[in-house]
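Residue numbers (the numbering used here), protein chains in the order written: chain A, 1 to 287; chain B, 1 to 287; chain C, 1 to 287; chain D, 1 to 287; chain E, 1 to 287; chain F, 1 to 287.
One should not assume that every hint holds.
What the hints assert, rightly or not - Coverage of chain C stretches by chain A, computed from C-beta distances (three or more under 8 Å per stretch; other residues unrestricted):
| # | region |
| --- | --- |
| 1 | 6-18 |
| 2 | 58-72 |
| 3 | 152-166 |
| 4 | 181-193 |
| 5 | 228-238 |
Because the hints were derived from the structure by calculation, they are not lab data. Remember, predicted model here, so these are calculated numbers, not experimental data. The C-beta atom is built at its ideal place from N, Cα and C for all residues, glycine as well.
6 protein chains.
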Amino acid sequence: MYDAPIRDAASQIGETLRRSGTQIYGKCLHLPDRKAIIDILDTLRKLFFPAYFGDAALMTLAPEDYAALLLEPLELQLAQQISLALPENSAADPDELAQDFIAQLPRVQQLLMSDVEALFDGDPAAQNKEEIIFAYPGLYAIFVYRLAHELYLRKVPTIPRIMSEYAHSRTGIDIHPGAAIGSHFFIDHGTGVVVGETTVIGDHVKLYQGVTLGALSPRGGHESLPGKRHPTVENGVTIYSGATILGGDTVIGAGAVVGGNAFLTRSVPAGTRVVIHAPEQTFKTTE
Amino acid sequence: MYDAPIRDAASQIGETLRRSGTQIYGKCLHLPDRKAIIDILDTLRKLFFPAYFGDAALMTLAPEDYAALLLEPLELQLAQQISLALPENSAADPDELAQDFIAQLPRVQQLLMSDVEALFDGDPAAQNKEEIIFAYPGLYAIFVYRLAHELYLRKVPTIPRIMSEYAHSRTGIDIHPGAAIGSHFFIDHGTGVVVGETTVIGDHVKLYQGVTLGALSPRGGHESLPGKRHPTVENGVTIYSGATILGGDTVIGAGAVVGGNAFLTRSVPAGTRVVIHAPEQTFKTTE
Amino acid sequence: MYDAPIRDAASQIGETLRRSGTQIYGKCLHLPDRKAIIDILDTLRKLFFPAYFGDAALMTLAPEDYAALLLEPLELQLAQQISLALPENSAADPDELAQDFIAQLPRVQQLLMSDVEALFDGDPAAQNKEEIIFAYPGLYAIFVYRLAHELYLRKVPTIPRIMSEYAHSRTGIDIHPGAAIGSHFFIDHGTGVVVGETTVIGDHVKLYQGVTLGALSPRGGHESLPGKRHPTVENGVTIYSGATILGGDTVIGAGAVVGGNAFLTRSVPAGTRVVIHAPEQTFKTTE
Amino acid sequence: MYDAPIRDAASQIGETLRRSGTQIYGKCLHLPDRKAIIDILDTLRKLFFPAYFGDAALMTLAPEDYAALLLEPLELQLAQQISLALPENSAADPDELAQDFIAQLPRVQQLLMSDVEALFDGDPAAQNKEEIIFAYPGLYAIFVYRLAHELYLRKVPTIPRIMSEYAHSRTGIDIHPGAAIGSHFFIDHGTGVVVGETTVIGDHVKLYQGVTLGALSPRGGHESLPGKRHPTVENGVTIYSGATILGGDTVIGAGAVVGGNAFLTRSVPAGTRVVIHAPEQTFKTTE
Amino acid sequence: MYDAPIRDAASQIGETLRRSGTQIYGKCLHLPDRKAIIDILDTLRKLFFPAYFGDAALMTLAPEDYAALLLEPLELQLAQQISLALPENSAADPDELAQDFIAQLPRVQQLLMSDVEALFDGDPAAQNKEEIIFAYPGLYAIFVYRLAHELYLRKVPTIPRIMSEYAHSRTGIDIHPGAAIGSHFFIDHGTGVVVGETTVIGDHVKLYQGVTLGALSPRGGHESLPGKRHPTVENGVTIYSGATILGGDTVIGAGAVVGGNAFLTRSVPAGTRVVIHAPEQTFKTTE
Amino acid sequence: MYDAPIRDAASQIGETLRRSGTQIYGKCLHLPDRKAIIDILDTLRKLFFPAYFGDAALMTLAPEDYAALLLEPLELQLAQQISLALPENSAADPDELAQDFIAQLPRVQQLLMSDVEALFDGDPAAQNKEEIIFAYPGLYAIFVYRLAHELYLRKVPTIPRIMSEYAHSRTGIDIHPGAAIGSHFFIDHGTGVVVGETTVIGDHVKLYQGVTLGALSPRGGHESLPGKRHPTVENGVTIYSGATILGGDTVIGAGAVVGGNAFLTRSVPAGTRVVIHAPEQTFKTTE
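So that you can see chain A by itself, here it is in the shape it has in the complex (with noise of 0.2 Å):
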């Protein structure tokens, strides 16, 4: 019935589908809906900054009502995707873990709240809060960040990739789900910023866009998964543009300085400030 090359090419691919066996071709996979994540990270963030992102119509009722008018079905919600990313002979609950899940967010949110803070106060540009929670990249990548490390702590496989990578696409931030922040976050432009699984970062930190926060060699293949692979952040440092800190032992000391484009594979004492010196440059008149 199909033309030739089309028959051909049909039948190399279908063959292509049937070796790999259920892994590409089938329906026995069950995957949690990219677009249902995303769903339940717009209400959450409803929940969160109700003036601004929420329905003003809700905003009649009490705090109290609004907050669970929005939590009961995304308990739902997540309860479902949570029992599709989960492999099929998995002991964990769904219920269960949504229910754990909408514990935290009362803290999450506190956290988020001074992030907004640490944003106002670091950024000269910032001329208002609003326009922080309204448009700020970073702190965008921030909120999806902390949702997504609640889910990584509880073991709920995929999804927390699903949320990252989505930020990760719209702010050129990437977090991995697994890194452990502390309050006062602070990430400005951001583009090109990554921060590894294993990462420890403290309260009140900034970093700036193009920071990599990263593995020594990640060589060695994910069998051989080692403890800790990405760096320590202590309390209070800041690290500029372009910097690349690597390795799992590397620890930057509280209130450390780390200035942009440094490349730090070892330790660096608290209330230390590492200068750069510009590699050696010539200066020569152009042609």
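Following the hints, complete the assembly by docking chains B, C, D, E and F onto the known chain A.
Below, chains B, C, D, E and F without anything else, positioned relative to chain A:
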């Protein structure tokens, strides 16, 4: 009516919403509508490049009539968004601001035509101007910047930021609406480019991916907003990928060329070529 | 009929539109439809990874029938877009080009399967292959590149660029459709990666975020298009984050490892490890 | 710029548009928005029958809170549409009219609950009340009529007509918003039912498909609008399918039963049964 | 928090909602989804008339594969809607009911093909069968009836009614799902046709607009549901527009022709022609 | 791969699809697109009544420019649909037919303006002309008829029928595109009105709901299509609700008035008033 976990979470979140008062809960906040602002950008793209983004049926009109047709509702929409963005007690007149903005558009369009020239002349991989107008992220980011800048100059709050974050999200290029940029501006690839609020850029300047034009130490709070915190880049300068140039007093003189990954915190005379000597690198056989 | 400010702006903009002739105004321009091209990419994703993005109902078919079902309309849609992209006096036949493209798909799929392997083997944080296919920006960028490249090879204008800019916008990864890339290609995080038009990359190559494979001095106009302007990266090379490698004669020999933030404008022998010595950095106590 | 046939047609149509002045061309006309009015009807259906058409999440509220939540934005929307419907020099206050309308809703809801009872008691084919609320065109037409009538009584122009024509289009039942109709109203099947503007209908009245309650000779122009042109139907009357009852002085007395296809232009005493003797019919063998 | 008028209306409406208990408020009601049922009808139309309503791409399959492809998800969807429609304590099995329904579809399709024949043979204005399948409301109403009837026979509640009311709304033709109708059924124009629940109709029967096949006196409550309340129409009968035929014992014998506007409450022998003598009409000069 | 019940049903349905050959299965059928035709009707409504249905922004144009703007793409769309409707071997030229249709539009618009007059003059309940243009089903049905008629006259198949059935579905008014209807046509309420293919209607004619202008005995197959099967209604005739007038030789003379529910199969002289004497009716006390 609700289960205990929801009730508990709701009451805590309600408490947080209540405590931070009208700022994040309640209906008094009035903010521009992000979707409406993206619509305005879309209309402006149709206005400037009709053959690429406009409606074929409308192009049967004389160009003047086509332009007027798009401008009339645009003025209204913009005035509406401006009135949402202005603080309640503002003395500014949204209609006047919108009218004033409209009056700048012919000049903005001419600048954009010069940018198209620059991109075509500067990118050997560009097959034709169609590709540039239709698909280059650099041009899109400059287009949005030039419009946001006109609003910034007229002290319209929030909208310029929404515009620039939208472009940032789509292109990875983050140009603050406050920057002053001349004609024939060129950005290639662009991911990670950051241009700060008080940056001054001349005509015929070229930037490649990952270039930062930033502040020296942006630690100062926004209450102590110093005058000029970002560099000046004179006419005809080229800055290759990954270069970082910091400081309000740093001036890159006309015609200078800054090599990739350069790191500059002091001025460079006109006509100079900054050749970066790669940081010392050891070559040894891999195990 | 219009107010003076609109009339004035309209007449100036009209003048600009008129002066630049048919290029930006009038109805003779025929361009591919960006939305249609994204649809084509979506269909191809359903074709290659049915269990992740396809329609469950259709997977009751034999894999060959499933493939043929998707390929038939796809060929038509692609031919339509190609005919919009070709210049009017082109001798090329859209139907033939589309057919030829279809014939490459089985091979492209196999390359992509090798990329999935590479991503799984190379990222210790990857919990399973599902996550990679479903959510990794690196794989998405490679997927789009491999398809755009086939069109580029067949000299189809504009469409490859629309595809690569779409992927760039979603992932921050900018691979020129002209690059030649072998099997088992690995990109992690990826934001800021730039791979130039004449780059040649072997099999089993790994790139991390912010790597640039660029031209030495792209100042030359596009009329004087030099042959090979971007580096060659041989089999088994790993290039860590932020490294910059420039020049058409620069060859990174097989199995070499280039450290993060390295800056190379000359070749590196096979089996070499380029260890970057961090630029001189002073540690002093912060005030 | 256009072909001759289009130019010719356009100039003639333009002439017609111009000649009929502002009435059909120009931007001064302000009319209610049909879609907004259908939205208002949808909201009212959610208000009256939450379990059938409402949002499950909202039903966790106390019924009073649920109702208030829907009423608040509804009042605003309705006021907006009323202000579009009122002539420009009108002395009426849209906000007051909307508020007054809201105040009638509890009574309207009770009437509708009585109509549900009537439909359930009167239709032997009804399996349960769910079907009636969910799917009976008769109930839908009555629901819309009761709301349109409240606006008609308050002399709101155009909106009642838009409402009744919408119901007419969906159900084939055409009840003029001006008619006065008591409780427990019953319409079965309904296609072709027409109830004129000055009709008066008591409680517990039943109408079947194709019943006309019309004016005797509606030839008179609308300038000579006579007082009452349509019949009065007293409590407990049943009118079977296809019956036509005409005239402002025609009164169908309480409890009367009018047989199918009856044609009445004069009054019928209470408690009477109008048995139509089928028109003379010949029975002959078909060829 | 609300104004007094809203608070008052809300409290009264809340009271009504509360008083009628779970019936119209609360979340325990489970009902089929009207949109899902319309989707099911759309899929069935694609199944029966692929070339008219189906997806061209799918028609490259063998017809059997095409049919199976549509039937598999349809069975699931239908079972889901049936489970929503069944009362909670029902012993019926939704999956079995859906499977049983699927098994009837080949027979239903053949009946519909006979209806297409009948419409083509019976309407001199039909230019071709395409028009009939594509645009005749009569065929659409019969199509929906035949499907709703199969569910009615299997005692599925609510869904048949939703289906028949949807067809009623689109076509003005109201066929109760309980009616039993033979092959080659013909309805022309159709507006106002009513066919009651216990009607029995043979093969090759023709109905024109406004025909009622109704109950004699449907006053009895539904608790006293009498056996057969609507007429029997034998093979080959034609009933012209506006005719009314009432009563469970009324039988229109095979091959009879009932003239337009006839009114019958008693049986008509086979082969009879019922010629209606127009009611006495006076012709006088109009004033 | 499928369960037995699906496999069985699919194979039988497949057999039916296969047996009826290309007629209902396969991809060779080309049919107009219903949605595209509704779009064409919507555009024509915007063309004729801009202030009611058009885009406010466009009404800043001179009326002629407005009209031309809408006509240009409309001609193209219509030609496309006509080419889908014409049989493959047709000698007719879609472009010419579309152009010819466009040329009739000024005349059609003038007829419609006369219909608006007639509706306003004839309906005492009409408050203003706005309501008529905006909301009267009678006007909508006439609008669609007048357009479908022009296509019918030019022997365009299928499209006129799709148009008339769409209007039928929305209004319950079924006017065959073949009917010839003069100016100042008036239909009130309209549900159930049927106007047959060869009907001829003069100027200033009024029809009320449920009027049938039909064929005497439409039993004849369409192969024996008799010339004129439906009545002629001369200038100034009024026909009240429910009247039935049948036969190709039946002429209702100029100025005649036909009473409600009249049944006529023979001609009526000009200036006559047909008063229907209600069929004999007994009045007895209801039990």
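Hint check results:
Residues of the region 6-18 of chain C lying with their CB closer than 8 Å to a CB of chain A number 0, which falls below the three-residue condition for coverage. Only residues whose beta carbon comes within less than 8 Å of a beta carbon in chain A count, and the region 58-72 of chain C has 11; three or more means the coverage holds. With a threshold of 8 Å between beta carbons, the proposed coverage of the region 152-166 of chain C by chain A is violated, since 0 of its residues qualify and at least three are required. A count of 4 residues in the region 181-193 of chain C with a Cβ less than 8 Å from any Cβ of chain A is obtained; the coverage claim is therefore met, three being the minimum.
Counting residues of the region 228-238 of chain C whose CB falls under 8 Å from any CB of chain A gives 1; the rule of at least 3 is not met.
The structure is inconsistent with the numbered hints 1, 3 and 5, although it conforms to all the rest.
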